[in-house]
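Trainee: So the protein lines, in turn, are chains A and B. Counted the way the numbering used here counts, the first sequence spans residues 1 to 418. Counted the way the numbering used here counts, the second sequence spans residues 1 to 418.
To be clear, the hints were calculated from the coordinates, so they are not data collected in a lab. Be aware that a few hints might be false.
[Stated by the list, open to error] When the alpha-carbon atoms are kept at most 27 Å apart in a straight line, the in silico DSSO-like pairs for lysine-lysine are as follows:
| hint | chain 1 | residue 1 | chain 2 | residue 2 |
| --- | --- | --- | --- | --- |
| 1 | B | 64 | A | 64 |
| 2 | B | 64 | A | 352 |
| 3 | B | 64 | A | 410 |
| 4 | A | 410 | A | 352 |
| 5 | B | 405 | B | 352 |
| 6 | B | 410 | A | 64 |
2 protein chains.
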Amino acid sequence: MRLTSRNACQTADQLDSLHDLRKEFRLADGMIYLDGNSLGAQPHAAMRKAQHVIENEWGNDLIKSWNTAGWFDLPSRLGNQLAPLIGADPNEVVVTDTTSINLFKAIAAALDIQARDPATAHKKTIITESSNFPTDIYMAEGITRWLDRGYHIQLIESPEDLATSINDDTALVMLTHVNYRSGYLHDMQYVTAQAHQHGAMCIWDLAHSAGAVPVELNKANADFAVGCCYKYLNGGPGAPAFIWVPHRHQAQFAHPLTGWWGHAAPFAMQTHFEATPGIRRALCGTQPIVSLAMIESGLDLFARTNMQTIRDKSLALTDLFIQRVEHVCASHQLELVTPRSHQHRGSHVSFKHEHAYAIIQALIARQVIGDYREPGIMRFGFTPLYTSFTDVWDAVEHLSDILDKQLYDKNIQRNVVT
Amino acid sequence: MRLTSRNACQTADQLDSLHDLRKEFRLADGMIYLDGNSLGAQPHAAMRKAQHVIENEWGNDLIKSWNTAGWFDLPSRLGNQLAPLIGADPNEVVVTDTTSINLFKAIAAALDIQARDPATAHKKTIITESSNFPTDIYMAEGITRWLDRGYHIQLIESPEDLATSINDDTALVMLTHVNYRSGYLHDMQYVTAQAHQHGAMCIWDLAHSAGAVPVELNKANADFAVGCCYKYLNGGPGAPAFIWVPHRHQAQFAHPLTGWWGHAAPFAMQTHFEATPGIRRALCGTQPIVSLAMIESGLDLFARTNMQTIRDKSLALTDLFIQRVEHVCASHQLELVTPRSHQHRGSHVSFKHEHAYAIIQALIARQVIGDYREPGIMRFGFTPLYTSFTDVWDAVEHLSDILDKQLYDKNIQRNVVT
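One chain only, chain A, in its complex shape (with noise of 0.2 Å):
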């Protein structure tokens, strides 16, 4: 369906079977909120969550609540919640941490894998994207570094390139699945696949996709995966992170981040490490319980619906944004850097211009939120949980003001954080 008006959009809003899950969040009127992909709203949930937290658990029952309210437990239980939404069976998902100390873990265990087998220890090179997010490289980086086993990190610079760059020294591929910047989805099972093919393990970074596209990590065969907790699935900012870990590599995996919250038996006060059977050897230390409690209410929206409905939305809603501005702003040098091709797009939709920060200010200052990311490029998440097709509409109507108007300062000072 075409939406050719704004009448348009309000109808498919009506008709939309997400329409009743906005009530859920947390949005001022006004706000045209397209930065989901960046932190995701609040659902009303959250707050009465938290307050449960701080005054019952915390207040009145103090140090008791590691039992009785389960906080031991908050990363494993918040972890099998989770496991639909990526193609992850029970027991292999653990919510800790940041995804940056997540992705060493991961990229630990896996070169450990790799050199503890004589058919792949002598692979050295650990493929990712020179459009990754940098933190990802800059992880990599460190424990390479640190290993000074002469691993090398080759970036690669356009997606068509990753098939053919992977090879007998390829010991891992390191990918975000939806890139931050461009908002291009990779075909997880062919990556994987081409990976295995040579010998290399796989990991996915979800930050973009969990809660935002359907993955399937079991069916495409991944090794690893890790992924943020406050974009798409709405946990809060800076929310502790999840970690997946399949069960068939469970035995093997290790990681120097041997905290007590791993080991075999941590209330024994034992003076040796021994890792925990399963997937709660991923933990390291005690996790920050309030921020922690608060990413079940983002989960518990997604039970009300299924990852295919929101994808169907997601393209609906990131095909409109596309026509749209291509239609009324055809006349002002924007260049659509997010593939057209529904097999390579995930939920974000970026344009690139001389002037993106600016416009980006200038639309902020008309409550229309999306971000600007390095370098020149304006991007907009669509969080099919709450955008609705007529902010859609609405955005790029205000998009097409300012710029038909020139309305923006294009002498602005970069002011940049997140």
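Following the hints, put chain B in place on chain A, whose structure we already have.
Mentor: For chain B alone, coordinates are given in the frame of chain A:
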């Protein structure tokens, strides 16, 4: 002043300059909370802070709050607020991640500094106590196993043997300032000097001393320190931890957890890691903002007193507890594990007993909250900000009643979490 009656304790409470601070905490009527060394009680202000962050910063302002609410600067701002409590200078502390992960960074950095200096490159031993909190030992095991450069962990059985164990092969001495089990308080200045005399570096874990005893990191010329914000600092369950790197070591502070928050230009999206100058190079990934922000409410209360006043009351409380237990429970084979000497006593007191676990459960059933630690230890924490002399008196009355009448279940099953 020796307190020999409940009346005298009540009078001492009235005279106590910290008495008013107790009102700032949520403490259930009738509960005697002696476990602030495990999870600090809740400042009333923490709920207001969380509500503000959730409702206004996340809920209303969403992504803008990274700038407008100062989320990105929070680790440094809280670090600077915490610094005076541990004898640190401004811009030497950040609040981030967990104690285990921060210790990993500190150990990695110390071993790196030692390995780069020809005078110390041969050193291969890390000295710690066998009774150190297990995760500290495990993190050292994790990094040494992965570096695979011949490092060896030497576990000391008694604090008296520490100084004589340090020798020319010692690369690193790593201790918890106040032992989590015995409450033994190490002489930071003396031990650090002994380590330096042998060319070793010295890392201190302040989990049981920050906010509990005066700490003078710079005066002691310590090398690195880490610690936790959810015990005596009352930051909330699993609140992010802190790491101290003195100015003299910051330029050479390098660790493998090189995430984007530690980058010199985190938003320039570069493809290579370059550590930021200063303390923020100890950061790694995005932090759990709600749990992080609540720490401020705990720290704020310390501005109304000083560490010497806290120390004086702490010693008076632990003196009273030891005296009363030894007086009224004299016939019950309780063995004091904590040093009698003020010089070596932290802010908790531990007694050994054959039925320690069962006795602690009986106390908890009466709302006297202490905790159990393997092997056979009852542990009682005294938090001068909210523990009263009358609390101490009453707790010992309960203990003696339970012991005198054997009101505990010797066959109870152990179910120990935390």
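Trainee: Are the hints correct? Go through all of them and say.
Mentor: The hints, checked one at a time:
no. : hint           : verdict
1   : B:64 to A:64   : violated, 37 Å
2   : B:64 to A:352  : holds, 22 Å
3   : B:64 to A:410  : holds, 21 Å
4   : A:410 to A:352 : holds, 15 Å
5   : B:405 to B:352 : holds, 19 Å
6   : B:410 to A:64  : holds, 21 Å
Violation of the numbered hints given earlier is confined to hint 1; every other hint is satisfied by the structure.
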